[in-house]
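There are 2 protein chains.
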Amino acid sequence: MKLGNLDLPSDVCRSVGDVLARIGDKWSVLVIVLLKDGSKRFSELRREIGTVSQKMLTATLRGLERDGYVKRTVTPTIPPRVDYELTDLGRDVMVPLNAMANWALSRREQVEAARKAYDKRNKR
Amino acid sequence: MKLGNLDLPSDVCRSVGDVLARIGDKWSVLVIVLLKDGSKRFSELRREIGTVSQKMLTATLRGLERDGYVKRTVTPTIPPRVDYELTDLGRDVMVPLNAMANWALSRREQVEAARKAYDKRNKR
Numbered sequence: 001m002k003l004g005n006l007d008l009p010s011d012v013c014r015s016v017g018d019v020l021a022r023i024g025d026k027w028s029v030l031v032i033v034l035l036k037d038g039s040k041r042f043s044e045l046r047r048e049i050g051t052v053s054q055k056m057l058t059a060t061l062r063g064l065e066r067d068g069y070v071k072r073t074v075t076p077t078i079p080p081r082v083d084y085e086l087t088d089l090g091r092d093v094m095v096p097l098n099a100m101a102n103w104a105l106s107r108r109e110q111v112e113a114a115r116k117a118y119d120k121r122n123k124r
Numbered sequence: 001m002k003l004g005n006l007d008l009p010s011d012v013c014r015s016v017g018d019v020l021a022r023i024g025d026k027w028s029v030l031v032i033v034l035l036k037d038g039s040k041r042f043s044e045l046r047r048e049i050g051t052v053s054q055k056m057l058t059a060t061l062r063g064l065e066r067d068g069y070v071k072r073t074v075t076p077t078i079p080p081r082v083d084y085e086l087t088d089l090g091r092d093v094m095v096p097l098n099a100m101a102n103w104a105l106s107r108r109e110q111v112e113a114a115r116k117a118y119d120k121r122n123k124r
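Just so you know, the protein sequences line up as chains H and Y, in that order. FYI, the numbering for the first sequence is 1 to 124, going by UniProt numbering. FYI, the numbering for the second sequence is 1 to 124, going by UniProt numbering.
Bear in mind the hints are in silico, worked out from the structure with no lab data behind them. You can trust all of the hints, since none of them are fake.
Straight-line C-alpha distance at most 25 angstroms; calculated DSS-like pairs for lysine-lysine:
no. : chain 1 : residue 1 : chain 2 : residue 2
1   : Y       : Lys71     : H       : Lys116
2   : H       : Lys26     : H       : Lys40
3   : Y       : Lys55     : H       : Lys26
4   : H       : Lys71     : Y       : Lys120
With the rest of the complex left out, here is chain H (with noise of 0.2 angstroms):
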C-alpha cells in the first residue's frame, strides 16, 4: 500500500493509523495544544477546554499517557495532586499537528460549506 511517497506492507500502515489516530482525536489535539507551556492539573484541564466530560477527559489523558506523549505525576499530599505534562514525544509532535492545525484553520469555513450543502442534498 502507498503511504505519502511510500510503498509500504499493509500492518505498517494500520500501525502508523493507530498513531494518526490517538493525534488526530479532537480532545487529544486540545489536551496538547494546552499542556504546550507547561504542566497542568486535571481540573485546570477541565476548565479551559469547557466542553469535555470527566469521563471522556479522563479517557483522553489515559490514552496519551499510553501511547508516551504525556506523564502524569501523583503528588500524595491530601487530597492526592494529579499534573499532566508533555514528554518529549508529546512536544515533538506539536511540529507535524501545528501544520495540520493551521491547515484545518484556513479550510474550516469550506468544511463547514460542505457540510451544510451535504445535509441540505441529503434532507428527507
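Add chain Y to chain H, keeping to what the hints say.
Same frame as chain H, now just chain Y:
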C-alpha cells in the same frame, strides 16, 4: 485559547478540532491515501484496505463526502456503479496529512514501546 502560535476563541478551536477529528480518523486517512492516484469503486477500496467492515467503510466515505474531501458518482447501470474520487480539498489535505503520516511512521516504534510499557505497569 492558544492553538499553535495563534490565540483563538474556543469556538474556533472546536471547529478546528472537528476538522481534525475527520482527517485524523484512521480509516479516513487510509481512504484519502488510496484515492490519491484516481477514482476507485467501493469494492476496490474495501479489498485494498482489507480489515475494514462494509458498514465502517460506508460511514467513513459518507463522512469524507459530507466534509467535502471526496466526491461520489453514481452511474445508473444495472447494477448501479459507484465511484469515489478526491475533490480539490481532498487533494489539498494530502500535504499536511503526508507530514503527519511521515512523523507517525518515524515514531511508531517509540509509540508502540510506550504502549507496551504502560500496559505492563497497569496490569493487575
